[in-house]
Amino acid sequence: MKTVKLLSLALAGCALALTGCTTSVNSVENAQKEGQRNMIADQRVIFDASLNRKVAIVGVNTVTTPGGLLKVQVEVENHTRSLQSFLYRFEWFDANGMQVNNALSAAIPEQIEGKESKFIFGIAPNASCRDFRVKFIEAD
Amino acid sequence: MKNKILLPLVAAAVPVFFAGCGTNAHYVQTGDKEQVISLGQINIQDYANAANDAIKDLLQSGALDKVANPPALIELSYIVNNTSQQVDTDLLTKKISIALLQSGKAVTKTVDSKASGYSAENAFVKEQSGRLPDFTLSGKIIETVDRAGSTRRTTYSFQLSLNDTKAGVQVWEGEKEIGKQGTRSAVGF
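Protein sequence lines correspond, in order, to chains H and L.
If you read the first sequence in this note's numbering, its first letter stands for residue 1, the second for the next number, and so on.
If you read the second sequence in this note's numbering, its first letter stands for residue 1001, the second for the next number, and so on.
Read the hints as simulated data drawn from the structure, not as lab findings.
In this text, a Cβ means the ideal position worked out from N, Cα and C, and glycines have one as well.
Watch out, some of these pointers could steer you wrong.
Derived DEER-like restraints, expressed as beta-carbon distance ranges [stated by the list, open to error]: (1) Thr23(H) - Lys1114(L): 54 to 60 Å; (2) Lys33(H) - Leu1091(L): 36 to 42 Å; (3) Ile57(H) - Leu1009(L): 49 to 55 Å; (4) Leu1091(L) - Leu6(H): 21 to 27 Å.
In silico contact screen, one side only, chain L against chain H (beta carbon under 8 Å); selected entries [to be verified]: (5) Asp1032; (6) Lys1033; (7) Gln1060; (8) Asp1065; (9) Ala1068; (10) Asn1069; (11) Gln1102; (12) Arg1153.
Construct the complete structure from the given sequences, taking the supplied hints into account.
If you want it as structure tokens, here you go:
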């Protein structure tokens, strides 16, 4: 009898603790969007199924800035109810498919709250860049 | 009898076990998963993050495209260190300078005294006035510490300004805040 009571209390405590660990996001936005995104057909290579289950890529859109630089925006979504951390890195390629050296090629850490959708973006290092690749790495 | 055999074996196995738990030295990349995050100092990946944000923002702002004679000439000015640590601001400005040069939208004024001297001599010989910078890039790094009980939060604010030398106005400003939070160790920090 005592054991049952203790177990029940422990389970209740665990449930409360887990609820405190989760953070979800509510959002509101314009239903009739004014801005039109130029979505592109993307090719995804998933080797980290664990990361993909938690933080998934929704879509990619691009634009060329007035200065002639390619700007890429990636929408990612957290499918879990808890904060997730990941790293991302942009790689850029010229018209011949050759990778362009980028001084700022370090992986960037990012956090995304539970059920949150957010945008990450990158700007090409110079106007010769015509193509890109974005890599996502699960952070510890 | 059994203990006489077991104890030496266990004693011999313990150091082997702990040796296997250690990490051999290996190469790492800036900003990778194994990055060390220090509460009390700016880490190398913090400079990379701040520079990355600043360059993205500066390039898309178009501020460098509005010069009469592109590419824009930028002189790197003072980056004030308002933190509690000794900081070599070149860790920030060099990344920005390299990225600007790679973009083709700006060149930075040399800080090498010999090059400056030759440039001035060249201008004198050709009876030309040297080109003055179109912009200067200045900034500040600020450290803010918040404490609540055993929890400490340190925020580093990287502030940069692009200043138009002709009009005397700021044409671009950027700020990146990097916050780190942790609990105070038993030893204290």
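Can you name, in rising order, the numbers of the hints this structure does not satisfy? Failing hints, ascending: 4, 9, 10 and 12.
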